[in-house]
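Protein chains: 4
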Amino acid sequence: MMNRRRGKNYFKRIDGAPDPVVVEVRRRVHFNEVDILGMVWHGRYPVYFEEGSEELGRSCGLSYRNFYESGLRAPIVQLHIDYFKPLRLAEEFTIRTVLLWDESSRLNTEYYLLKTDGSLATSGYTVQLLTGAESGEVCIISPPLLERCRTRWKAGEFHHQTK
Amino acid sequence: MMNRRRGKNYFKRIDGAPDPVVVEVRRRVHFNEVDILGMVWHGRYPVYFEEGSEELGRSCGLSYRNFYESGLRAPIVQLHIDYFKPLRLAEEFTIRTVLLWDESSRLNTEYYLLKTDGSLATSGYTVQLLTGAESGEVCIISPPLLERCRTRWKAGEFHHQTK
Amino acid sequence: MMNRRRGKNYFKRIDGAPDPVVVEVRRRVHFNEVDILGMVWHGRYPVYFEEGSEELGRSCGLSYRNFYESGLRAPIVQLHIDYFKPLRLAEEFTIRTVLLWDESSRLNTEYYLLKTDGSLATSGYTVQLLTGAESGEVCIISPPLLERCRTRWKAGEFHHQTK
Amino acid sequence: MMNRRRGKNYFKRIDGAPDPVVVEVRRRVHFNEVDILGMVWHGRYPVYFEEGSEELGRSCGLSYRNFYESGLRAPIVQLHIDYFKPLRLAEEFTIRTVLLWDESSRLNTEYYLLKTDGSLATSGYTVQLLTGAESGEVCIISPPLLERCRTRWKAGEFHHQTK
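Residue numbers (this note's numbering), protein chains in the order written: chain A, 1 to 163; chain B, 1 to 163; chain C, 1 to 163; chain D, 1 to 163.
No lab work stands behind these hints: they were computed from the structure. Some hints could be false.
Chain D side only, calculated, beta carbon under 7 angstroms to chain B, not exhaustive [to be verified]:
#, residue
1, Asn-32
2, Trp-41
3, Gly-43
4, Ala-133
Covered stretches of chain D, as calculated for chain A (at least 3 residues, CB under 8 angstroms) [claimed, not checked]:
#, region
5, 45-56
6, 80-86
Where is the CB? At the ideal position from N, CA and C, for every residue including glycine.
From just these sequences and the hints, can you work out the full model?
If you want it as structure tokens, here you go:
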């Protein structure tokens with residue numbers, strides 16, 4: 001608890017592994033997202049994280065639809081958020097979503113919300129486990145969907161993207 | 001990351017400190033809270049945590065209004081959630097909110113969402129820092145509001161409450 | 001537009017029809033529901049309406065689960081809200097949900113949000129059409145689920161309820 | 001009730017008045033916005049309407065900040081939504097927001113959510129009254145902020161915008 005890390009990474013980078021997939025989405029704070037102090041309510045950030053991870057998933061074949069069509073689910077089993085600076089009404093910011101290379105049946109994703117001056121407002125991470133849609137059991141062998149994604153990843157197909 | 005702890009505590013219990021304040025709220029999952037799989041969307045849990053912590057705050061003089069009237073703010077600087085079992089549409093559950101004794105200017109709160117069979121669906125914690133409303137600076141000396149709360153707490157006024 | 005009706009009814013009462021089913025739920029405004037002015041954001045009211053209509057549905061056999069198990073859906077095709085007085089942070093209020101007698105395949109529901117002094121904060125209505133889950137077509141003949149509900153309704157089983 | 005008007009206008013067009021201000025925003029349905037049937041939950045549409053009206057407000061000097069700095073508020077007193085076709089998970093759509101010319105102290109806004117094939121998914125309207133921030137009273141004389149907007153409007157400055 002409270003081992004807060006401004007700008008540090010949440011997941012270890014493995015030597016020799018392909019670079020993380022990074023997707024950036026630009027966004028503005030809406031009126032319904034701020035609290036009585038005019039700052040984004042802390043519990044609204046999972047919405048921002050999801051907007052980032054949806055774009056990332058679409059860019060590398062790991063969207064909800066991709067999982068669904070492969071008979072898979074990818075439930076989030078862990079969510080963590082560190083709040084450094086508030087985001088305010090109508091403020092523009094960038095959601096930088098970072099998917100880490102991992103060879104097991106899980107997705108480790110980091111999120112960095114950046115103000116227009118480049119400073120860090122909020123960061124966090126989610127952990128997802130891949131399970132069979134029917135069984136609900138965690139996949140022991142890495143499913144083909146993930147293998148296809150990794151093949152493209154190693155081939156350098158997923159450049160840093162800004163939307 | 002992924003050092004998940006089903007039923008373990010997030011914050012250390014200090015020897016000789018007063019017992020945590022514990023408040024329980026009973027709740028049902030609403031239609032608008034579940035996702036396409038009929039399970040509560042992972043990002044909806046901060047709402048549940050807040051419902052618990054609001055009741056706890058009201059029960060021991062640490063509500064938003066109490067802070068406001070004392071010229072204080074209590075921003076959440078860290079949020080963590082571990083998901084063990086899904087909560088489903090219309091399911092009843094209990095939000096157990098646990099405020100830990102701490103002598104600095106912070107509030108460490110744990111949350112346990114329990115199914116009707118007593119099993120753990122989800123747990124997590126938040127860390128709040130007390131700051132001056134004007135300055136935005138973290139309080140160095142523990143503010144009178146917190147001292148009054150601690151005096152009542154040591155006197156055993158805050159019994160385990162179910163609402 | 002703007003034919004606002006404080007305390008008037010939205011749906012016509014049919015002479016000789018059974019009294020509406022009325023269910024009341026008591027509720028408090030949560031921190032995450034208010035806007036920068038400390039008032040409930042206008043777009044949060046459908047959540048309140050749904051909390052009321054879920055309780056009403058459970059009380060008279062018209063819950064989401066009841067529809068689902070009968071191969072039916074009940075999509076909302078119209079929503080209307082009139083705002084008279086704001087609800088503020090931590091304020092207690094009552095959601096009065098009123099289901100009107102109707103012999104076609106639709107549900108006409110009115111909502112009245114009342115302050116503790118009994119004054120009207122907000123009112124509104126929803127219209128739902130009953131459709132087949134498979135076909136998506138509006139039911140031409142009133143489905144057995146609705147008939148069973150109406151039989152109990154005429155027998156006076158649904159008294160005014162407060163939860 | 002249920003006088004639903006697919007493609008009809010909600011507010012009367014006044015002969016000789018300047019054309020409405022029209023702003024379009026393109027958007028995709030997020031995972032957290034759909035219900036157990038994979039369709040956007042009916043109560044999520046006020047969020048879409050607001051995203052549209054925020055862009056429109058920014059484009060013609062009627063943003064929340066503009067009102068705030070002029071000592072004004074613009075509370076929504078009426079909201080209406082008609083649902084024609086569901087929007088589904090990951091679907092792209094357009095929010096067309098239409099501000100009608102009006103010479104009193106109110107804002108009449110219509111919303112049209114369009115699928116990529118141009119068909120109408122949902123439409124609705126809001127009515128806002130301009131009030132003094134202090135007094136809470138509806139402005140009897142049209143405030144300068146609104147006058148400035150109307151001058152630019154008549155000069156044809158607000159072209160149809162797509163973002």
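Hint check results:
no.: 1; hint: Asn-32; result: holds (5 angstroms)
no.: 2; hint: Trp-41; result: holds (5 angstroms)
no.: 3; hint: Gly-43; result: holds (6 angstroms)
no.: 4; hint: Ala-133; result: violated (20 angstroms)
no.: 5; hint: 45-56; result: holds (count 5)
no.: 6; hint: 80-86; result: violated (count 0)
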